[in-house]
Amino acid sequence: MKKIAIIGGGAAGSAAAWILNKKYDVTLYEAGSYLGGHAYTHELTIDGEKISVDMGVEYYHERLSPNFSALLKYFNLESYIAPLSFRAFNPLEPNTDYWSNNHCGGKLKSKLYDEMNRFHLDMIEVINDKQSKEMSMKDFLDSRGYSNEFREKALLALMSTFSGCKKVSLDYSLTYFALSFNMNLLSFFTPSHWRKLKGGIHVYLKNIQQSLKGKVFLNTKVTSVEKMPNGIKVTLADNVNHYYDEVIFACQAYIAKNLIKNSSTQQQACLSVFDYVDVQSTLHSDSAAVSCQTLSDEYCQFQLATLSNSVTIGSLTRVNHHLHAYQHLVKPIYVSFDNRDRIDPLKIISKKDWKLPKLRPIDIQHKHKMSRIQGKDNLWFCGTDYSLTGHEGAIVSGLVIANHLGADYPFKDNYLAKAQFDLIKSFMGIYTRKQKLAEHVIGALFIISKYFNLHQYLSGRFIKDLLF
Numbered sequence: 028m029k030k031i032a033i034i035g036g037g038a039a040g041s042a043a044a045w046i047l048n049k050k051y052d053v054t055l056y057e058a059g060s061y062l063g064g065h066a067y068t069h070e071l072t073i074d075g076e077k078i079s080v081d082m083g084v085e086y087y088h089e090r091l092s093p094n095f096s097a098l099l100k101y102f103n104l105e106s107y108i109a110p111l112s113f114r115a116f117n118p119l120e121p122n123t124d125y126w127s128n129n130h131c132g133g134k135l136k137s138k139l140y141d142e143m144n145r146f147h148l149d150m151i152e153v154i155n156d157k158q159s160k161e162m163s164m165k166d167f168l169d170s171r172g173y174s175n176e177f178r179e180k181a182l183l184a185l186m187s188t189f190s191g192c193k194k195v196s197l198d199y200s201l202t203y204f205a206l207s208f209n210m211n212l213l214s215f216f217t218p219s220h221w222r223k224l225k226g227g228i229h230v231y232l233k234n235i236q237q238s239l240k241g242k243v244f245l246n247t248k249v250t251s252v253e254k255m256p257n258g259i260k261v262t263l264a265d266n267v268n269h270y271y272d273e274v275i276f277a278c279q280a281y282i283a284k285n286l287i288k289n290s291s292t293q294q295q296a297c298l299s300v301f302d303y304v305d306v307q308s309t310l311h312s313d314s315a316a317v318s319c320q321t322l323s324d325e326y327c328q329f330q331l332a333t334l335s336n337s338v339t340i341g342s343l344t345r346v347n348h349h350l351h352a353y354q355h356l357v358k359p360i361y362v363s364f365d366n367r368d369r370i371d372p373l374k375i376i377s378k379k380d381w382k383l384p385k386l387r388p389i390d391i392q393h394k395h396k397m398s399r400i401q402g403k404d405n406l407w408f409c410g411t412d413y414s415l416t417g418h419e420g421a422i423v424s425g426l427v428i429a430n431h432l433g434a435d436y437p438f439k440d441n442y443l444a445k446a447q448f449d450l451i452k453s454f455m456g457i458y459t460r461k462q463k464l465a466e467h468v469i470g471a472l473f474i475i476s477k478y479f480n481l482h483q484y485l486s487g488r489f490i491k492d493l494l495f
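FYI, the working numbering numbers position 289 of the sequence shown as 316, with every residue one higher than the one before it.
You may find that some hints are simply not true.
[Unchecked claim] As a list, the in silico PhoX-like pairs of lysine-lysine whose alpha-carbon atoms are at most 25 Å apart:
(1) K29 / K439
(2) K49 / K439
(3) K223 / K382
(4) K439 / K100
(5) K29 / K223
(6) K396 / K382
(7) K284 / K77
(8) K223 / K378
(9) K30 / K225
(10) K382 / K165
(11) K223 / K77
(12) K288 / K403
(13) K242 / K223
(14) K248 / K284
(15) K29 / K260
(16) K100 / K240
(17) K225 / K378
(18) K284 / K382
(19) K385 / K396
(20) K100 / K242
(21) K288 / K165
(22) K396 / K445
(23) K77 / K288
(24) K288 / K382
(25) K242 / K254
(26) K29 / K50
(27) K160 / K385
(28) K100 / K284
(29) K358 / K385
(30) K248 / K439
[To be verified] Estimated spans, in silico, between C-beta atoms of each pair:
(31) D440 / L356: 16 to 26 Å
(32) K240 / T217: 37 to 47 Å
(33) P118 / H355: 22 to 32 Å
(34) K260 / Q354: 50 to 60 Å
(35) H355 / I389: 44 to 54 Å
(36) Y270 / T217: 25 to 35 Å
FYI, nobody ran anything at the bench for these hints, they're computed from the structure.
Predicted model, so just to flag it, every value in this text is computed and none were measured.
The C-beta atom is built at its ideal place from N, Cα and C for all residues, glycine as well.
Full structure from sequences and hints, please.
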């Protein structure tokens, strides 16, 4: 039986191990104390009640994440609606100088309303503009004359719910923003429809870990991976060596680069180009530190910076007791990002530090180029550095690699999930020779259909078939 090692127990590594384990001898190594990576849930007890609070990844959307939704259904896990209600405020005048997608009032809303409205319309135009694929959000805002106040106090503040509180988000792909607004995942005018997993995001990971009994090694650091005549040698921190037929790196590119011994020039080049943003996540009970107003009821509250800062534009706080699952709590519980220095250390419950991959147009190009090293020396790569962004992108990238190695794709009867799987597989460029030939033929047919505008006609037929 083929032996496969997976390095990294985040969403991608966990998903790959889950379906590979049904056919092969799989070992999953995770340097940390839990599976999930950014999908971390902290468990605590308040007034005798066990509470689970997500500190990183938390939201999903049924249409945006059909594979993740199918996975939750497989494990029979429950979820609940958690609207992304949002408020950005000036801490010097929090009750008057603010804007919210849950209320009409606020001086900032009045001041920025026209630009907010125009931006929503512009994002519809962007989807139909081929040239926008190469643009950053900053380039677009400059070309359309948007004010700095709109950028920092409205757009970047709202984007912090996805990408952290750093100004670097303006360098991100315009298409990424446009899709988020067109799918109503983000809005200046209404709380977006999202779901959270009952019991925390880690519940599905616990189910995967249970199915991999004896195959998951937590707190186990891999120090090197080396191609040998008799297989691939994986060396652990205790200098013990294990040999495998295939190794999957389900970790960030810079980690994979440092682990591969005698890597090729091409491997070094592909794995060295990614850049990241540091994000601090702090679970705490310090109401004074976040200046959240008792009269506001938004879940996500953004405290705008009062002084000009070249790096951040403020700090984001999730006010957990404004969600249905936590409304009964007497003691408020917060998860704040990038403002740990303002929080009373005695009121900090848990701290996490992560690196999020940047999403600039050049980063999308780097992801595409990863297909050049996939499978070389039986080494494979999955996760958000090599796939589309988000939790769904990470999970599906693991399923793509596992499927290529011979595991059955588990949701082939789910039309939307399979379409997403095929999209990400195409993005990653993971094909057998036969599949690659078929992809070239399909690509040629699509070009012909576009020439005769058949793609528009067929898209209408697709929607009709889906609805009726």
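Hints, one by one, checked against the model:
no.: 1; hint: K29 / K439; in the structure: holds, 24 Å
no.: 2; hint: K49 / K439; in the structure: holds, 16 Å
no.: 3; hint: K223 / K382; in the structure: holds, 22 Å
no.: 4; hint: K439 / K100; in the structure: holds, 14 Å
no.: 5; hint: K29 / K223; in the structure: violated, 37 Å
no.: 6; hint: K396 / K382; in the structure: holds, 21 Å
no.: 7; hint: K284 / K77; in the structure: violated, 40 Å
no.: 8; hint: K223 / K378; in the structure: holds, 21 Å
no.: 9; hint: K30 / K225; in the structure: violated, 35 Å
no.: 10; hint: K382 / K165; in the structure: holds, 22 Å
no.: 11; hint: K223 / K77; in the structure: holds, 17 Å
no.: 12; hint: K288 / K403; in the structure: holds, 13 Å
no.: 13; hint: K242 / K223; in the structure: violated, 28 Å
no.: 14; hint: K248 / K284; in the structure: holds, 15 Å
no.: 15; hint: K29 / K260; in the structure: holds, 15 Å
no.: 16; hint: K100 / K240; in the structure: holds, 21 Å
no.: 17; hint: K225 / K378; in the structure: holds, 22 Å
no.: 18; hint: K284 / K382; in the structure: holds, 16 Å
no.: 19; hint: K385 / K396; in the structure: holds, 16 Å
no.: 20; hint: K100 / K242; in the structure: holds, 23 Å
no.: 21; hint: K288 / K165; in the structure: violated, 39 Å
no.: 22; hint: K396 / K445; in the structure: holds, 23 Å
no.: 23; hint: K77 / K288; in the structure: violated, 45 Å
no.: 24; hint: K288 / K382; in the structure: holds, 24 Å
no.: 25; hint: K242 / K254; in the structure: holds, 22 Å
no.: 26; hint: K29 / K50; in the structure: holds, 9 Å
no.: 27; hint: K160 / K385; in the structure: holds, 16 Å
no.: 28; hint: K100 / K284; in the structure: violated, 36 Å
no.: 29; hint: K358 / K385; in the structure: violated, 36 Å
no.: 30; hint: K248 / K439; in the structure: violated, 35 Å
no.: 31; hint: D440 / L356: 16 to 26 Å; in the structure: violated, 41 Å
no.: 32; hint: K240 / T217: 37 to 47 Å; in the structure: holds, 45 Å
no.: 33; hint: P118 / H355: 22 to 32 Å; in the structure: holds, 28 Å
no.: 34; hint: K260 / Q354: 50 to 60 Å; in the structure: holds, 53 Å
no.: 35; hint: H355 / I389: 44 to 54 Å; in the structure: holds, 47 Å
no.: 36; hint: Y270 / T217: 25 to 35 Å; in the structure: violated, 55 Å
Violated hints, in rising order: 5, 7, 9, 13, 21, 23, 28, 29, 30, 31, 36; the structure is consistent with all others.
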